[in-house]
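Take these sequences, add in the hints, and give me the full structure.
Protein chains: 2
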Amino acid sequence: MTEAPLTSATSNPKSSHYAIIVAGGSGTRMQSAVPKQFLLLNGLPVLMHTLNAFYSCQPQPNLILVLHEDYHSYWMHLCADHQFQLPYQLVGGGDSRYQSVKNALSLVPDDALVAVHDAVRPLISTDIIEEAYRQAAVQGAVVVAVKSRDSIRQVKDERSQSLLRDEIYLVQTPQTFKAGLLKEAYKHPYHDAFTDDASVAEQAGHFIHIVEGSYQNFKITFPEDIAIAELLFNKKASL
Amino acid sequence: MTEAPLTSATSNPKSSHYAIIVAGGSGTRMQSAVPKQFLLLNGLPVLMHTLNAFYSCQPQPNLILVLHEDYHSYWMHLCADHQFQLPYQLVGGGDSRYQSVKNALSLVPDDALVAVHDAVRPLISTDIIEEAYRQAAVQGAVVVAVKSRDSIRQVKDERSQSLLRDEIYLVQTPQTFKAGLLKEAYKHPYHDAFTDDASVAEQAGHFIHIVEGSYQNFKITFPEDIAIAELLFNKKASL
Chain A
5 MTEAPLTSAT
15 SNPKSSHYAI
25 IVAGGSGTRM
35 QSAVPKQFLL
45 LNGLPVLMHT
55 LNAFYSCQPQ
65 PNLILVLHED
75 YHSYWMHLCA
85 DHQFQLPYQL
95 VGGGDSRYQS
105 VKNALSLVPD
115 DALVAVHDAV
125 RPLISTDIIE
135 EAYRQAAVQG
145 AVVVAVKSRD
155 SIRQVKDERS
165 QSLLRDEIYL
175 VQTPQTFKAG
185 LLKEAYKHPY
195 HDAFTDDASV
205 AEQAGHFIHI
215 VEGSYQNFKI
225 TFPEDIAIAE
235 LLFNKKASL
Chain B
5 MTEAPLTSAT
15 SNPKSSHYAI
25 IVAGGSGTRM
35 QSAVPKQFLL
45 LNGLPVLMHT
55 LNAFYSCQPQ
65 PNLILVLHED
75 YHSYWMHLCA
85 DHQFQLPYQL
95 VGGGDSRYQS
105 VKNALSLVPD
115 DALVAVHDAV
125 RPLISTDIIE
135 EAYRQAAVQG
145 AVVVAVKSRD
155 SIRQVKDERS
165 QSLLRDEIYL
175 VQTPQTFKAG
185 LLKEAYKHPY
195 HDAFTDDASV
205 AEQAGHFIHI
215 VEGSYQNFKI
225 TFPEDIAIAE
235 LLFNKKASL
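Chains A and B, in that order, give the protein sequences.
Going letter by letter, the first sequence gives residues 5 to 243 in this note's numbering.
Going letter by letter, the second sequence gives residues 5 to 243 in this note's numbering.
Incorrect hints may appear among the rest.
Within a straight-line C-alpha distance of at most 27 Å, the following computed DSSO-like cross-link-like pairs (lysine-lysine) qualify [said to hold, decoys possible]:
(1) Lys223(B) with Lys240(A)
(2) Lys160(B) with Lys239(A)
(3) Lys223(B) with Lys151(A)
(4) Lys240(B) with Lys223(A)
(5) Lys151(B) with Lys151(A)
(6) Lys223(B) with Lys239(A)
(7) Lys160(B) with Lys151(A)
(8) Lys223(A) with Lys223(B)
(9) Lys160(A) with Lys240(B)
(10) Lys239(A) with Lys240(B)
(11) Lys160(A) with Lys160(B)
(12) Lys240(B) with Lys240(A)
(13) Lys160(A) with Lys239(B)
(14) Lys160(B) with Lys223(A)
(15) Lys191(B) with Lys240(A)
Keep in mind that the hints were calculated from the coordinates and are not lab data.
And the structure:
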């Protein structure tokens, strides 16, 4: 299920902070388009930006990258090409996001704090990551989220109903937890309602608290998103 | 309440399609930042792009622009500078969006179709506008909306609860109606839940149908949004 660390450096044994970076793509063996985490953003694969953001945090978390085994050799080639040498542990992904995170959690001690983050959100800021760890230490389970700019409707049976916009949050990552709490929650069998880690923790009876995120921390989804991410990255760099 | 058309051309008397373009900013007399609808996007004010998009539709709608009177002379200067000469009617805005739309609706015949659109969504495509008119002719009340890319949480009393993402739509504009239906709905007194036109129609007992929108049709809200809109605009133009 898990693999030995593939990088020469070892993770920081003193840190009680962990970050699981979840990269998508489940064994299509590169037949289709290159998964978005490998696309170049300012010349560097998206996933490397994401790992860099977590590596820059204080305290520095132990990094665990979950990636389907079909992509491991491709990723190692990318790392060599870009001389990417952060310390992290590489774990094989499961058939689902649920299984992937569960695999990675087996490497996290119960008394740690653990952040789970989408590989394709490279614009996450260290400030927000750090605030999520701080809040998780107090609250147990927090998600980074932003209020919706748009009105919200819920559609059921082809009819739609407006919801109160002020009550609605769009949930991003990281989603950060006391590790023991999340590991215990992941013992529940998979359920269709598990769209993210917070929903797993919620199903186990925990309240989910919200840490204010940023609209810039969006998920690279469409072809034009790379250009938008580059624009925002360069703006941030010029500040 | 309303003003005579300020442009030399008259609106198209044969069209039964109307579009109300709602520009924000309520009488701050330019003390604060320039309202977003006047910012330059590829050298042209955002609002002119928006009016152009509706003017390009078939059938061509009669355009009504709602703008607070404090900005009328500034707008006319902009029109002169940019030689902007589309036919439209200019209406003074009210103290609220609700009142602004109500003002404009008084110029729309009951048997028309009317689209209400945010001035700061300049990237709306003619295809989507036209589809919304077609659906409104059948269904009576439709909104353009997209599914959320993110998980959704509803927060009440400091606790959050996940909602089923597949049921949630982020509502954009245009919101398009049989005019008689919307005018009748706007006779109801203002209510805090009226965040958009669909919620006014819903309060009056109508079902709101959804027309698939585009993520590109976003609301210019933050300073970086102008650069993102330019990027998307130029991509569209190069296709």
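So which of the earlier hints does this model not fit? When the structure is compared with the hints, numbers 2, 9, 13 and 15 turn out to be violated.
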